[in-house]
Amino acid sequence: AQTVTQSQPEMSVQEAETVTLSCTYDTSESDYYLFWYKQPPSRQMILVIRQEAYKQQNATENRFSVNFQKAAKSFSLKISDSQLGDAAMYFCAYTSGTYKYIFGTGTRLKVLA
Amino acid sequence: SAVISQKPSRDICQRGTSLTIQCQVDSQVTMMFWYRQQPGQSLTLIATANQGSEATYESGFVIDKFPISRPNLTFSTLTVSNMSPEDSSIYLCSVERQGVAFLEETQYFGPGTRLLVL
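Protein chains in written order, with our numbering: chain A, 346 to 458; chain B, 22 to 139.
Source of the hints: derived by calculation from the structure; they are not laboratory data. Nothing false has been slipped in among the hints.
Stretch by stretch, here's where chain B covers chain A in the computed footprint (C-beta under 8 angstroms, at least three residues):
{"id": "1", "stretch": "376-389"}
{"id": "2", "stretch": "444-456"}
Calculated cross-link-like contacts (lysine-lysine; reagent style DSS-like; alpha-carbon spacing at most 27 angstroms):
{"id": "3", "chain 1": "A", "residue 1": "K423", "chain 2": "A", "residue 2": "K445"}
{"id": "4", "chain 1": "A", "residue 1": "K445", "chain 2": "B", "residue 2": "K86"}
{"id": "5", "chain 1": "A", "residue 1": "K418", "chain 2": "A", "residue 2": "K445"}
{"id": "6", "chain 1": "A", "residue 1": "K445", "chain 2": "B", "residue 2": "K28"}
{"id": "7", "chain 1": "A", "residue 1": "K445", "chain 2": "A", "residue 2": "K400"}
{"id": "8", "chain 1": "B", "residue 1": "K28", "chain 2": "B", "residue 2": "K86"}
Glycine is no exception: its CB is placed at the ideal position from the N, C-alpha and C atoms.
Using the sequences and the hints, build the whole thing.
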């Protein structure tokens with residue numbers, strides 16, 4: 346069965362600094378998709394970034410980028426120039442291409458002014 | 022992306038009662054999903070709702086407890102029946118949107134309904 350593990354329950358970062366959130370997953374599939382979702386205190390889940398496993402290039406969206414290591418089954422999220430609005434729960438998610446998403450337990454990110 | 026609204030945004034209910042949560046999407050979608058997020062926990066899929074067919078429930082969730090309706094391609098409801106304090110959670114609906122690229126599906130979430138059962 347596929348699993349998603351986020352080993353950091355909570356992280357802190359100073360405003361304008363860079364932080365990396367970790368995610369590992371387990372699957373026997375060769376084609377799949379990985380996501381990072383952000384859930385601010387208002388609780389609306391927002392898609393931050395997605396990565397297709399068949400793409401070697403790491404996805405980037407403005408200040409957000411991923412380090413996708415397929416062989417190691419690792420999918421970390423780097424947030425550059427952290428802002429106060431980045432404070433939220435961040436969930437890593439996996440799907441093999443079916444409708445079913447598997448979520449990690451989340452990492453709470455605190456941004457310190 | 023998708024514009025998804027849910028009603029109510031929050032509610033406090035007495036045990037033994039039922040609550041129906043509505044989910045409205047800004048455009049037609051084939052599949053809608055209902056998730057539960059218990060306090061401090063991750064998201065767990067309750068069921069998948071397709072228009073015109075019975076909802077498909079995940080292990081641990083049953084239709085008698087969480088009946089779902091899907092009357093059209095933009096709307097769905099989830100009822101939490103005979104509630105107990107253990108049902109206190111955030112309930113989220115989501116939809117899947119496919120892009121023009123092969124298998125470019127992504128799920129987008131509604132704002133959630135925060136339920137407290139006393």
